[in-house]
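Protein chains: 2
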Amino acid sequence: MNLEMIRAAYARGQGVVRRTPLLSSPFLDEIAGKRVFLKAECLQHTGSFKFRGGWSALSGMDPEVRAKGVIAFSSGNHAQGVTLAAKMHDTSAVIIMPKDAPRVKIENTKALGAEVVLYDRASEDRDAIGAKIANERGLTLVKPYDEPFVIAGQGTCGLEIAEQAAEEGIEHAEVIACCGGGGLTSGIALALEADAPSFKVRPAEPEGFDDAARSLSAGTIKRNAALSGSICDAIVTPQPGDITFPIMNRLCGAGLVVSEGDCLKAMALAFERLRIVIEPGGAVALAAALFHGQEIEADTVIVTASGGNVDKAVFERALATLE
Amino acid sequence: MNLEMIRAAYARGQGVVRRTPLLSSPFLDEIAGKRVFLKAECLQHTGSFKFRGGWSALSGMDPEVRAKGVIAFSSGNHAQGVTLAAKMHDTSAVIIMPKDAPRVKIENTKALGAEVVLYDRASEDRDAIGAKIANERGLTLVKPYDEPFVIAGQGTCGLEIAEQAAEEGIEHAEVIACCGGGGLTSGIALALEADAPSFKVRPAEPEGFDDAARSLSAGTIKRNAALSGSICDAIVTPQPGDITFPIMNRLCGAGLVVSEGDCLKAMALAFERLRIVIEPGGAVALAAALFHGQEIEADTVIVTASGGNVDKAVFERALATLE
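Protein chains in written order, with our numbering: chain A, 1 to 323; chain B, 324 to 646.
Treat the hints with caution; some may be incorrect.
[Unchecked claim] Derived pair list, reagent style DSBU-like, types lysine-lysine, alpha-carbon separation capped at 35 Å:
id	chain 1	residue 1	chain 2	residue 2
1	A	K312	B	K455
2	B	K357	A	K34
3	A	K68	B	K422
4	A	K87	A	K34
[Claimed, not checked] Covered stretches of chain B (in silico footprint by chain A; criterion: 3 or more residues with CB under 8 Å from a CB of chain A, positions within the stretch not fixed):
id	region
5	345-355
6	360-373
7	380-386
8	546-559
[Said to hold, decoys possible] Derived DEER-like restraints, expressed as beta-carbon distance ranges:
id	chain 1	residue 1	chain 2	residue 2	range
9	B	E494	A	A226	27 to 33 Å
10	B	G616	A	A313	28 to 34 Å
11	B	A643	A	V16	50 to 56 Å
12	B	G338	A	P63	38 to 44 Å
13	A	K132	B	E353	29 to 35 Å
14	A	A11	B	V388	18 to 24 Å
15	B	E530	A	S228	18 to 24 Å
16	B	D634	A	A313	48 to 54 Å
Derived by calculation from the structure, the hints in this document are not laboratory data. Glycine residues also receive a C-beta, built at the ideal position from the N, C-alpha and C atoms.
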C-alpha cells in the first residue's frame, strides 16, 4: 500500500468519481471557535466515499476476473459503492448485509442491481455465508477497508483535500476523518503525507466504538466490546485493519470520541448551515470539530462528512435537536 | 445587459463564488423517465445563488460609493447574499424584509451582520421605507433581479452549467430554472446562448404565482394576483422585471408550473437521493423535471436547485411525503 496506488486510483477515477465540494459556514466557525471546512462525501455517487474504493477496486481488477462478478460484506455504504461500480463495469455484485442494516441502504443496494443476501448478526457467520457463495460462483471478494485497492480509492479523497485546501489558502490544519475500519483515515493520511505534510490526520468515532482511538493510544490493535447498537452503523467495525492500522499508527494523531447526541446535533447543523444531509456515522468528525474544540490544537479543521444515507426517522431525531 | 458583463462577473468571483456541483442519481432518472442533473446552488455561500448576484453587484461598484453602504429589499436569500458580499467588502448593509419571511432567513441575515428593518407586507410601503433610509444615509440600492450587475452574477451559474454539461458529455438539454423576478433565468439564458446554444432554458414556478409562464405565453409582462401565501417564498415576486423579461422572452421556452405538493415531494427526493437540503422555492425546477415530464421534450434535463434556506417545520412536511 503506497502513495502511487492512490495516484493511480485517482487517474482511473477521472471523469467518474465526483470531486466533492469543500464547504464552510461562518456560523459553524463561530460554534467551533475555529475555521471549519467540510469535505462533503455525502455528495459522492451512492451518497458516501465508499464509491471511491469500490470504483478503485473494480477498475483495477483483471477484466476476466471482474467479469465473473464480485462479492462484498457491508451494512450499506460499501455495498452501494461496490454495486454501482460493478454495474458501471457491466458485471454483477452479491452483497451480504446484516438484517438490521438501515432499510434505505438495503433497498438502495438492491435497486442499484445487487443480489442482496441478508444474515443475522447474532446467530449467523457472514464470512462462512460469503465464502460459500464466492467459491460456488467464482466471485472476487472486495473487502470494505483492509484491501490496498480500496484504501487507494479512499485516499483519492485526501488528494482532493490537499488541492482544495491549497485553493483556500490553508497551510496548517487538523483533518478529522470519520473512522470505521480505517480505510478512509489511512488513505487520507497517506495522501496528505505527500501533498500536505503539515496537516495532521485524526480519526473520529462514536462512544463505545472507539477501537481506533484506543488502538492508537496503545500502539497496538484493540477490539470493540460491542459490534452493534450504534446509530453510527456505517462506521461500526470490530477493530482497525491489519493494513490500515500500521499506516494510522505511523501518521495519525490521537483519536476523537463523540456521543450520539453530538452526532445528531452535528447533523442538524449541517442541515441548517451547509444544506447537506449526513448520516450519524458521517457526522462524527463534524461533531468532534464543533463540540470537542478543546481537544484540537489547530485553528483550522477539515472534517470528512463521509456519508449521507440516513433513514427519515433518524434524520427527524436530528432535526429535533434544533431549538 | 450582455454576455460580457457575465464573463466579467465570473472573473470577479474567481476564488470567492463557489462552483457548485452538478449532481445526479439513477433513482431520480427513473422517476423522471429521463436523465436529470441538478445544479446545487443550495451549496453556494449563504445557501442560495443570490450570493452570486450580491457579490457581482458589490465587487462591481465604485469603491467610494460602496464604502457608504448598500441597501436591499428581500424576503431572505437576496438579503443574505448581499449582506455577506457587503461584509466581505468591509462595508455595511441595511436589509428591508417582510415580517412574515422565514425566521431562519431573518435571523441569518442579522447574524451575517446586516441591519434588518422589518415591514408589514399588507399595510406598509417597503419602497418608501427603503427610499427614506437610503436617502438619509447615502446608501446604494442593490435590486434583487432587475439590475444588470445582479443578472450578470446570476448568469455565472449558467457559465458553470455549460462547462459541467460539457464535462458530462451532454449535448442537448432543457435547463429548468426556479424563477421569481427572472434574474437567474435570464442570466442563465444569456450565458447558455453563448456557451451552450443547443440548450433551451425554461422557467419553473409554483401554481398561483406563474407570472413568468403567463408573461412568456402572452409575450408581454403579466402580474400575479397574489403577492404572498406560498411556501415558495423565495420566488414570489409581483411580475418579471423590465430588464429580465425581454431576455427571457427572446431566449426561453414555455414556463412550467408545479403544485406545492410537488415541491414538497421533490424536496424529499433531493434529501433521499442527492443528500441535499432545498427550500420549496428552490425545488420547483426539480419538481417540474420529476413530475411534469410529459411537458418536457428533451431526454436530458438540468435543473437549478436555487436555494436551501428552509425552516425545520417546512422540511419536516417534505419528509412526511416519503412513504
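Going down the list of hints, with the structure as the test:
1. A:K312 x B:K455: Outside the cut-off at roughly 48 Å; violated.
2. B:K357 x A:K34: violated (44 Å)
3. A:K68 x B:K422: Violated, at roughly 63 Å.
4. A:K87 x A:K34: Given that 35 Å is the threshold and the Cα spacing comes to 42 Å, the pair is violated.
5. 345-355: holds (count 3)
6. 360-373: n = 4 at 8 Å, threshold three: holds.
7. 380-386: Check failed, 0 qualifying residues.
8. 546-559: violated (count 0)
9. B:E494 x A:A226: 27 to 33 Å: At 53 Å between Cβs, range violated.
10. B:G616 x A:A313: 28 to 34 Å: holds (30 Å)
11. B:A643 x A:V16: 50 to 56 Å: For V16 (chain A) against A643 (chain B), whose Cβ atoms are near 35 Å apart, the range 50 to 56 Å is violated.
12. B:G338 x A:P63: 38 to 44 Å: Since the Cβ atoms of G338 (chain B) and P63 (chain A) sit about 42 Å apart, the hinted range of 38 to 44 Å holds.
13. A:K132 x B:E353: 29 to 35 Å: holds (33 Å)
14. A:A11 x B:V388: 18 to 24 Å: violated (49 Å)
15. B:E530 x A:S228: 18 to 24 Å: violated (47 Å)
16. B:D634 x A:A313: 48 to 54 Å: Between D634 (chain B) and A313 (chain A), where Cβ atoms are some 20 Å apart, the hint is violated.
The structure fails to meet hints 1, 2, 3, 4, 7, 8, 9, 11, 14, 15 and 16 from the earlier list, while all remaining hints are met.
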